[in-house]
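Just so you know, the protein sequences line up as chains E and H, in that order.
Mapping of the first sequence onto the numbering used here: residues -17 to 344, in sequence order.
Mapping of the second sequence onto the numbering used here: residues 559 to 873, in sequence order.
Hints were generated in silico from the structure; no laboratory data involved.
Worth double-checking, as some hints may not be accurate.
[Claimed, not checked] Which bits of chain E does chain H cover? Going by a derived footprint, with three or more residues having C-beta under 8 Å, they are:
hint, stretch
1, 77 to 85
2, 90 to 96
3, 168 to 174
What you are looking at is a predicted structure, and each value in this text was computed from that prediction instead of being measured.
Cβ coordinates follow ideal geometry from the N, Cα and C atoms, glycine included.
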Amino acid sequence: MSTPPSSLAPPILEVRDLAVSFATDQGIVQAVDGVSFDLRAGEILAVVGESGCGKSVTAMTLLGLTRSPNARFAGTATYKGTELIGASDAQLQRIRGEEIAMIFQDPMASLNPVMRIGDQIVEQIQAHEDLPDERAHERAVELLQRVGIPRAKQRAGSYPHEFSGGMRQRVMIALALSCDPSVLIADEPTTALDVTVQAQILQRFRELRDETNAALILVTHDLGVVADVADNVAVMYAGRIVEQGTLDDVFYDPQHPYTWGLLGAITRIDRPRRTRLPTIPGLPPSLANRPQGCHLRPRCPHEHEHCLQSPPLVARVPGEDGHLDRCWLEPERKRRLRELEPGEIGLRPKDVSPTKPTRDAA
Amino acid sequence: MARFVARRLLAMVAVLFAISVITFTIFNVIPNGDPAYRLAGKSPTPDTIRQIRHTWGFDKPVPVQYLKTMEKIFGGSLVSYSQNLNVDDQIVQGIPRTLSLAIGAGVIWMFFAIALGLFTAVRAGRSADRLMTALAMVGVSMPVFWIGALMTYYLGFKAGLFPNGGYVPITKNPIQWAYHLIMPWTALSILFIGVYSRVLRGNLLDTMSEDYVRTARAKGISERRILLRHVLRNSLIPIVTLFGLDFGAVVGGGAILTEKVFDLQGVGQYAAESIAQLDVPPVLAVTMFGAFFIVLLNTVVDIVYAALDPRIRLS
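Chain E on its own, in the form it takes in the complex (with noise of 0.2 Å):
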């Protein structure tokens, strides 16, 4: 594996078969199933699929957030040793922005409309440390200068409306680090911002990473986030990982059709232009109802023999030990298959229109 040194330190948080199932009106549905991963100090982990494969879900039952009447949990979350999964709600609140704090994917609705961001900064605060009020202030507004909000001694009197999305994620972020985190989870923190403020937040990201040495489990469906900023990738379809490993296994030697898919629906301004950008045809299985065996079958042009029986996430590429995938495709064919050109050797593209909205709409 071509991680960074601390690859040989002890993961921070292992999961191992995470499953997690609500009842819904439609039936069971299996919003993630089996997913395990290592997370090691300083190490930026991307998690990315489309929208409903069971990434976002995945991220908040760390923190127990997906808690309901309805939800059913299965596997093992270990943080330093602490069982999240099975975790009391006490253990869970002392571990929740003190040693796992997350940042979620819209700014405009994440921060109370009625409190003065300060002083949401400060409840948090609080909440770990038994800091007077004056020195909880004073650590909220040093937080706010370190994320790069101008003026921050003031604008920590205002109220979320009197911000811009990008400053609210800001201050989301500056919410996540007020406790120094060994673990940050975002949760598609840069959808709702337009490109050029989503290059600063990605910026403070990875400076933060180098001066806290903090973990950072990175949600997204945008591979050009992924490209820029992860060490680690695990590519999730249907609730499960299909391909899992270093940046540049999954970047460069992608081994699942559907990674390829993803990745020929980038655009990219090194390729001849097209009249449309390659797509991957058909939509994710509902999750109440995912097809026998390999769930992107009914999607994938690719045929094997076992296609109906769930493939196992494995290594196959030989000398690849940390790059697993779930597809039942020889790492040679595979390779024939890709040597074809981009956009075509994935999931063929379908007349169709792009479904992505441009980003910078926002």
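Please build the complex by placing chain H on the supplied structure of chain E, with the hints as guidance.
Frame of chain E, contents of chain H only:
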């Protein structure tokens, strides 16, 4: 803020003008509305009628009559047709009684509605919630004249636990004041507790699924703090609207049934009795008095809004 209040005061003048004109007109056009006949007593002579018309000014054009009446209301010299009593004095006498009823009941119904709303929202879908939902429905379905009558009969008359009727000013004896008002407060509150707790429960459940509540939980603060600081605060706004309107209506004499059942002799009861006698001057005065409080409370509600939600600007 100052401009906002000034504009509201101006609007209040307009509302009071419109309401007084409408009320005055209604009582002038309804059949059997000629006050001269009622003032004259049984089988009056045409001369007496003419005499009365002249003294009371009923022979003047309607707009002139309206202006005269308004002048008297604000000058404090308006008298009722039926008893020849000063209307403003009668209202002033009723105000402490009505205000006592409104404030006490308001505190009680808000307190229990918030408590019950929180309780049922936290236990949404469980048996405690279902039981309380059923109770709230029962509460909503009990009219004041019925529950009030039951209370005065069983608790007041039969058991002798509480005094039936009567009013003791708070300045004279606060304990007796509250003791005499417990039954009216309870009767008036029951309906409001039912309605308010249901509305609040719905708001709380909506707010609980907001993203910022998830953020609050991810911060590692206690569930209690999440509920009170993040959920409740954001759920109170619709309740504040309701409260402003209902409280204003009760202060303005709207709790007619409660006042009547417990013989509180407040503004509402005075209005009800005046209406029964088609006694225009008190009805007009009480209507304007009520409208004044409703507009006033609405203005207060808007100010409270801005305090509760910084996104709302007073403009």
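Evaluation of the provided hints:
1. Under the rule that three or more residues need a Cβ within less than 8 Å of chain H, the assignment of the stretch 77 to 85 of chain E holds, with 6 such residues.
2. With a cut-off of 8 Å between beta carbons, the stretch 90 to 96 of chain E has 6 residues touching chain H; three or more are needed, and the interface restraint holds.
3. For the stretch 168 to 174 of chain E, the stated coverage by chain H is not satisfied: 0 residues place a CB nearer than 8 Å to a CB of that chain, which falls below the threshold of 3.
Violated hint for the displayed structure: number 3, the only one.
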